[in-house]
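Protein sequence lines correspond, in order, to chains A and B.
Under my numbering, think of the first position of the first sequence as 2, with each following residue one higher.
Under my numbering, think of the first position of the second sequence as 4, with each following residue one higher.
None of these hints come from the bench; they were simulated from the model.
For clarity, every value in this text was computed on a predicted model and none was experimentally measured.
Some hints could be false.
[Stated by the list, open to error] Chain A is nowhere near these chain B residues, computed Cβ spacing over 10 Å in every case:
(1) Ile-10
(2) Leu-13
(3) Val-14
(4) Val-19
(5) Leu-23
(6) Phe-46
(7) Pro-78
(8) Thr-84
(9) Val-113
[Unchecked claim] The calculated DSBU-like cross-link candidates involving lysine-lysine, where the alpha carbons are at most 30 Å apart (straight line), are:
(10) A/Lys-176 x B/Lys-5
(11) A/Lys-176 x A/Lys-98
(12) B/Lys-5 x A/Lys-98
(13) B/Lys-58 x B/Lys-211
(14) B/Lys-58 x A/Lys-17
(15) B/Lys-58 x A/Lys-176
(16) B/Lys-5 x A/Lys-149
(17) A/Lys-176 x A/Lys-149
(18) A/Lys-17 x B/Lys-27
(19) A/Lys-98 x B/Lys-211
(20) A/Lys-176 x B/Lys-211
The beta-carbon is built from N, C-alpha and C at its ideal position, and this holds for glycine as well.
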Amino acid sequence: MNAFDTQTEALAVLLKQANAGDAVAYRSFLERLTPLVRGMARRGISRIGTPLADLEDAVQETLLAIHLKRHTWREDQPIGPWIGAITRYKLIDLARKYGRRKEIELDETFELATPEPEEPSLPEHEMDRLLESISEAQRMIVRAISIKGMSIREVAGTMRMTEGAVRVALHRGLKALAEAYRRLER
Amino acid sequence: MKTGDFINALVEDQGVRQPLLGPKFGAQMVAGLAVSLMIFFLFLGIRADFLSAIKDPHVVFKFVFSASLGGSLLPLVVYATRPEIHLVPLLRWLVLPMLVLGSGVAFQLVTSPSDYWLSGMVGRYPAACVLNIPVLSIGPLTVLFLMLRSGAPTDPVLSGAVAGAVSGGLAAFIYALHCPDDSALFVALWYSLAIGIVTVVGGTVGAKWLRW
Chain A
2 MNAFDTQTEA
12 LAVLLKQANA
22 GDAVAYRSFL
32 ERLTPLVRGM
42 ARRGISRIGT
52 PLADLEDAVQ
62 ETLLAIHLKR
72 HTWREDQPIG
82 PWIGAITRYK
92 LIDLARKYGR
102 RKEIELDETF
112 ELATPEPEEP
122 SLPEHEMDRL
132 LESISEAQRM
142 IVRAISIKGM
152 SIREVAGTMR
162 MTEGAVRVAL
172 HRGLKALAEA
182 YRRLER
Chain B
4 MKTGDFINAL
14 VEDQGVRQPL
24 LGPKFGAQMV
34 AGLAVSLMIF
44 FLFLGIRADF
54 LSAIKDPHVV
64 FKFVFSASLG
74 GSLLPLVVYA
84 TRPEIHLVPL
94 LRWLVLPMLV
104 LGSGVAFQLV
114 TSPSDYWLSG
124 MVGRYPAACV
134 LNIPVLSIGP
144 LTVLFLMLRS
154 GAPTDPVLSG
164 AVAGAVSGGL
174 AAFIYALHCP
184 DDSALFVALW
194 YSLAIGIVTV
204 VGGTVGAKWL
214 RW
């Protein structure tokens, strides 16, 4: 088994545990996945010819898409092509925003992705812009949980909401963010 | 927002996720068909001579063709919910309904004199056929679109079109219970046109509604 196989095998195990309800496994899945998605997104962006400044935004949108569609991975199937296909789909979205409607040659071989760390020099402004388009309560909840690192329980306490209500608002907020990104034109 | 921070929000939104296709889908599909059958029995109903007509192979052909189209493409809709599966190569399954249609037409041409070909093809109620099949497709089309939306179809137009073709095939099967035009040439022309309409509608709606 080579290094890549070990890596994807680990992702498969983690997502399986995550889909069964294990939050620790899910965090670990996303942390391992992110540099790989970034590697794939960088190659895609250079092939499409869009500004590299979009890289981190593309990574976040892809992670969001993988998150919202994580139930479409079948546990008896390899996870690499599944991740690759979603990443490619989101990169095509990005190309479309720049009016590149011609068929883009993007391979979806996740196997070729070289993991890349986040570059502090690259901006990531899109998500903040998109956050402006969702409801105020949803925005506050998404910000408190992501930037301040609060848990659902803590947010429920400070916002005087039930945990269930926070949970629903967070989920709807994330779905609204994905929807807003889709409608975005540059 | 930093990607590392954004992950916090995704992790908090985590929970047990059910796989996409469970018994729920089967139940929804039955419900979708029930809606179409209800419309059918309210406005159309089974043809009066059904029991004698069904002994005619030309009548049986209508059912075999509709079922072969719906049946051969239904798995494609299920596959379309998975992002990594390419639909285009799977379209080869269309060969099956095409062969059925070809055999039916050949059988019709052999079993009826050429004087009757044109009148059989035009039939008595072509407009009813082209109108009713799309209407009867509403139930299954809705269910298949809901399933596709909860999935991750990476080719929204083709996924929607295939869902349309499947629904059109199932609707044609229901309509065949009523349809008094029994020539295979009628089926080849008007059934295909009606199913084609549902397919185009599916593709058009898919382009807008199946993106994610």
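Against the structure, the hints come out as follows:
no.: 1; hint: Ile-10; verdict: violated (5 Å)
no.: 2; hint: Leu-13; verdict: violated (5 Å)
no.: 3; hint: Val-14; verdict: violated (5 Å)
no.: 4; hint: Val-19; verdict: violated (4 Å)
no.: 5; hint: Leu-23; verdict: violated (6 Å)
no.: 6; hint: Phe-46; verdict: holds (37 Å)
no.: 7; hint: Pro-78; verdict: holds (14 Å)
no.: 8; hint: Thr-84; verdict: violated (6 Å)
no.: 9; hint: Val-113; verdict: holds (45 Å)
no.: 10; hint: A/Lys-176 x B/Lys-5; verdict: holds (19 Å)
no.: 11; hint: A/Lys-176 x A/Lys-98; verdict: holds (19 Å)
no.: 12; hint: B/Lys-5 x A/Lys-98; verdict: holds (22 Å)
no.: 13; hint: B/Lys-58 x B/Lys-211; verdict: violated (44 Å)
no.: 14; hint: B/Lys-58 x A/Lys-17; verdict: violated (53 Å)
no.: 15; hint: B/Lys-58 x A/Lys-176; verdict: violated (54 Å)
no.: 16; hint: B/Lys-5 x A/Lys-149; verdict: holds (12 Å)
no.: 17; hint: A/Lys-176 x A/Lys-149; verdict: holds (21 Å)
no.: 18; hint: A/Lys-17 x B/Lys-27; verdict: holds (21 Å)
no.: 19; hint: A/Lys-98 x B/Lys-211; verdict: holds (15 Å)
no.: 20; hint: A/Lys-176 x B/Lys-211; verdict: holds (17 Å)
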